[in-house]
Each structure stands twice: as C-alpha cells, then as structure tokens.
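With the hints as your guide, set chain B onto chain A.
The residues making up each chain are set out below.
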Amino acid sequence: MTGLSLSISDLEVQGQDGRRILTVPRLEVPAGTALAVRGPSGAGKSTLLYAMAGIIAPVGGRIVWGDSEITGLDDNGRAAFRRRSIGFIFQEHLLFEELSARGNATITALYAPRRQRRGIRDSAEGLLGRLGLGSSAARRSDTFSGGERQRIAVVRALAGSAPVILADEPTASLDRPNADALADDLIRVARDDGRTLVTVSHDPALHDRADHVIDVVDGGVQIPEVLND
Amino acid sequence: MTDAIADLLARQPLWMENALILLFALLPILIIATLVLRGFAVWPLLSALLRRQAGVSMVFTALIAVSIGLGVGLIAQERGLRQGTARAADKFQLIVAAPGSEITAMLAAVYLQPSSIPLIEGPTYAQVANHPNAELVAPLAFGDSYENAPVVGSTPDFVEYLSEGLAEGRVFATETEAVAGARTPLSVGDSFAPQHGRGDASEGAHGDFEYQVVGRMPMTGSPWDRAYIVPAESVWSVHGLANGHGPDWDGSVGAPFDPRYFPGTPAALVKADTLGGAYVMQAQFNTDRTMALFPGTVLSRLHALMGDIRQVMSILAVVTQVLVTVGVLAGLMMLTRLLSRRLALLRALGAPQRFNFALTWSYAVTLIVVGAGLGLALGSFLTRFISGVITARTDILVAASLGWSELHLIGAFVSLTALLALIPAWLTMTRPVVRDLRG
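From first to last, the protein sequence lines are chains A and B. In terms of the numbering used here, the first sequence opens at residue 1 and continues consecutively. In terms of the numbering used here, the second sequence opens at residue 1001 and continues consecutively.
These aren't lab readings, by the way, just hints derived from the structure by calculation. Take the hints with a grain of salt, since some may be wrong.
[As the list claims (entries may be wrong)] Which bits of chain A does chain B cover? Going by a derived footprint, with three or more residues having C-beta under 8 angstroms, they are:
no., region
1, 52-66
2, 77-86
3, 111-124
Backbone N, C-alpha and C fix where the C-beta goes; we use that ideal spot for every residue, glycine too.
For reference, chain A alone in the conformation it holds in the complex (with noise of 0.2 angstroms):
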C-alpha cells in the first residue's frame, strides 16, 4: 500500500457567523508521511483536519491527495473519497456500543461495495490480532477498556485499506501507559502499511513519533521549512 500525498494552498475555512477561522498558505506533506498538527485548544486543529478529511468545506483554496482534489468535489464526493481513501480516529472513540470490537471493525464493510466487504472484514481481523484484540473480537464494545476501545477505533479506520490515516486526538481520553501503546501503534501500524498519518494531538508522546510537527496557533499554520521543501 501506498499513503497519498497532500497539496494544501491558500486553503481559508470559516466558522458558521462568516468569521475566519483557518487559513493555511501552503502545506505539503510527503505520502508516507508521519504528520502530528499541536496548537492550543481553539486554534484551528481539528477544523484543519475535519478540512484534510472533506468534512468542513473551505470557502477557498485547494485541498489535493495524491492526484485527487477534494475540494472541487460536494458533499457526497467528498463522503466518496473518504470512503476510498481515508480512515478516520475520534478522540472519543465513539463506538457503536451494542455492538462487539469486530462488529465496530468492520462498520465501513456495510455500505462498502459488495466486492470489498470481505477484504474488510479479513483486514479488521488481522488488525485486531495486531493490536491483541483477536481473542476478545466478539465481546461487546462496552465492555472494553478506554484504550482497548481506542484500539477497536484505530482498526476500524485501519481496516478499509485507507491510504491516509487522520486521528483526531486519538491518545487524549486514555492513561500515560495506555497513550503510549496507542501511539506507539498507530505509527507502527502506519509506517507498516506506508499510509499518510495526520494526526492532531497535544500529546508529545505522537510528537515524539511522527516524521514532521507542525503547529497551528490562531487559525493559522506555522509550517517548518523542511516540510514545504
């Protein structure tokens, strides 16, 4: 597998009253990259990264993985390339509790073309032995640790074969020791596969282990050079 490239340039998003609350001149970031956004709260993190997904629609500029541009699409051909090509973290899990770890794998196997659905579900499987979720993959989801169910999440974003990865506070509702496994993971897991990794975090553990940290202060990115050369 290979991750996609990313090709951001004179991207502006706006909040709901028309105020500006992102702007990004320009980022590229390499496929396979290792990419962690930090920022205070408030600054524009996950807007940027809800924008690199095609959930936020900019008013302006241009958002293009690998040869794809996002942002000349609408609401269903963003959802579309999501499909594809991204796999998607929550910092809150958010599961569908009544049903199990494997279950929750493999949710984008529902309304995945027939053709993929079994490359899913046997991708799911594996992750959660990667991650030592195998034996317990038929328990509930409620019934998992905060960690384990992070875990249950990162392999449902895993599982479809997305060639970019984008977590969004992925480490922020779990313990030191829980953050650490996680993290370690979700970057182990990533380089493995050669995905693209976005991930926004305060945590210095993920800082730590990604290629590249960029910071996000006041709706606007300060990028180092090495990332746009």
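Positioned in the frame of chain A, the structure of chain B alone reads:
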C-alpha cells in the same frame, strides 16, 4: 389499463385474486425497500439501533399494533355480525304479519325479540295456510319463558323444518311436550314450568302446568338455540285462549287450524314451494290487513345501512392508523436528533448520505411492519373475543375472523406509512455533520 387489470384479476381464482391485490398493496413498500436498501447491509446497525432504543421501539410498535388491531378487529366484527344475522334468518323465507313495522316483525319472528305487535286473525291465517304456493305455514305464539329463555309456540312441522332433523329425541306430539334449543340447559326427559312473560316482566307460572322435553334441536346459530319450542295450542290454552282447533279436536298438535278457533298470531312463518311462489305470496299478502316481508330483504336494507357505516369505519380505521403512525414518525424525527451524533459519525467515516437514509427508513419500517404483524394477531384475538361476547349476548352465532379485506387494508397501511417514513429518513440527510459530530 385499469380495466385490463380488473379483467386480469376477475379471471383468477378468488384466493389468487386476493393474493394479487395484497401483493399490489405491498408493491410500494417492496419497491421503496429495493431502491432504498440497494447495495447496503443495514441489519447489524439496525439491530443495534433497535436494541439501543428498545423501550421507545416497543412503545411505538405497540401503538401501531393497537391501532391496527382495533381497526381490523372492528371491521371483521361488523362483517361477522352481518353474516351471523343473515345466517340466523336463512330459514325464514317469508313472514306474514299484521301491518306495522317490518323490522319489528322480523326482530320478533326471527330473532325472538320481545315486542308488542298486532295479531293476524284466523281467516287471514287460513288464507295464508291454504295458499296453493304454501309448502309450510306455521304460527308463532309468544308470551311465556323459562329461566328468561323464550318459550315459543309453533307446530311440529316448523320444528322439523327449522332443525332439519333433531339432534336428539323427537318432535313434540302433545300439548305438554317441548323441544329444547341446542343451547338450553335442559335435557330430554327434563320438565319445566313456563312463566308468563319474560325477563323483568315475568309474572309467574301458569298453575301446575309443565312441559316435558322430548327432543333437542341441533345448533342453528340463531336465538332459537336458546328457546324452547312447544305446541302453539298449549301456549294459547294456558293463556285462556282458544287452542286453534274445534270441539272435535283429537289432541294432535299442529296444522290444520280451524279459523273459527284460531286466537291470532303475531306472524305466520311461510316456506313457499318455489322462489317464484314466495314472490307470488309476498305480493298477494301485502294488503291493508297484512304485510308480507322477506326477512332477507329487510336484513339487506339494514346491512346496506351497516355497509355505509362499514365504509366510514374503514376510513376511520385507516385515518386512525395513519394518525398513530404520523405520531410515531414524529417521534422518530425526535429520535433521529438523539441519534444524530451516530449518524454524523457514519458520515464522517465516509458512509453515503443514502446509507443514513436507508438506516433511518429501515428502522421506522421495522417498527411499522412488526407493529402491523402484532396488530394482525391482536385483531384476530379481539375478533374472536368480541364474537364470543356477541354470540353469548344475542344468541346469534357470530363467527368473525380476519379475512383478505383486512390483509389488504394492512398491506395498504404498511405501504402508505413506509412512504411517510421517507420524511424522517430524508431529514437525517440535512443534518450538519460537524456540529452533530461534536455533540
């Protein structure tokens, strides 16, 4: 096109025609389901949703089930009542009575309802009895009861005709013998003393006079099942009237009666030799002194009125069901707000808008279909229960059960509400993903 479909249906066996109509009624939901669910596997999430909202789902389903159960139960009951009353009147081809209310005469003669109606006299009765088209003519003699069950005077021939052969024993041959209806408590060999009057108006026994039961009728599904049939002569005699026969009477009960000693009867029950003969007699005895009525015709007029009521009931049933469902769907709209974060999560993960649409619609339709199924079972139970109550209270055998028309109604209801369920499903597509995701 419509004529072609009607023609196609008319050429099928009845069960096939009904099955096709049901399929036609269900066609909209089948088409919608095919279009909405195409390409998705919603069941795992749908079952999770049902488990998560188990309480609300059960309440919604119960509301739909009760509205459907009551609706189809009442409609089936009305049909059962109509069929029961028609069956009870089946044996009564023509009634000749004194001029007055046809309905009162029919209620008295067929359904043994206590009423005060004028009598037809001996010469008039003789004209009816001696009519060339009359195969069987029997008088009725009311006025007595036993343990609140009517004791009705008539003739042995009438008992034979009504029962089509007794279930047990023989027909009465003397003035002190009686035949018991199928649902009376007395057995062959038992005796009973008739009371003058009936119910609250009962005025006590006629001295030491007693009847002995010599035969029992089979079930007829009419109020006659709860009656005791005795010789008309004995009813007249115990009331101090002439017994219908002259001084040289040999004691054999039944026709012929002597017009000079005939005390009068509220109704003469007539079976004509042919249907044409019945119409001839009906025409001839509709005079200023008598009225001749076909109970079936009077009933059909009543049923026509009930038919109008049935249509109103059907419409009300559907309206009630739709209103309940609209209420349920309104509840679902609120529920989808509670589920908005989960639906937003699916969108953020890349689920198509149509997947959330399919999930919400299938949730609503599951409640509707399960509610309809339970409503069918409830309606069936209610129908049997109410039929039993009506049969016990009126002695008219009402054997109501749900039929194809109720299934058609439910099919149409399910399709209509499945269509309405598209609205809350559509509303989920307009929700703001980011705001819902952040909760």
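For a quick check of understanding: which of the numbered hints are violated here, in increasing order?
Violated hints: none at all, because every hint is consistent with the structure.
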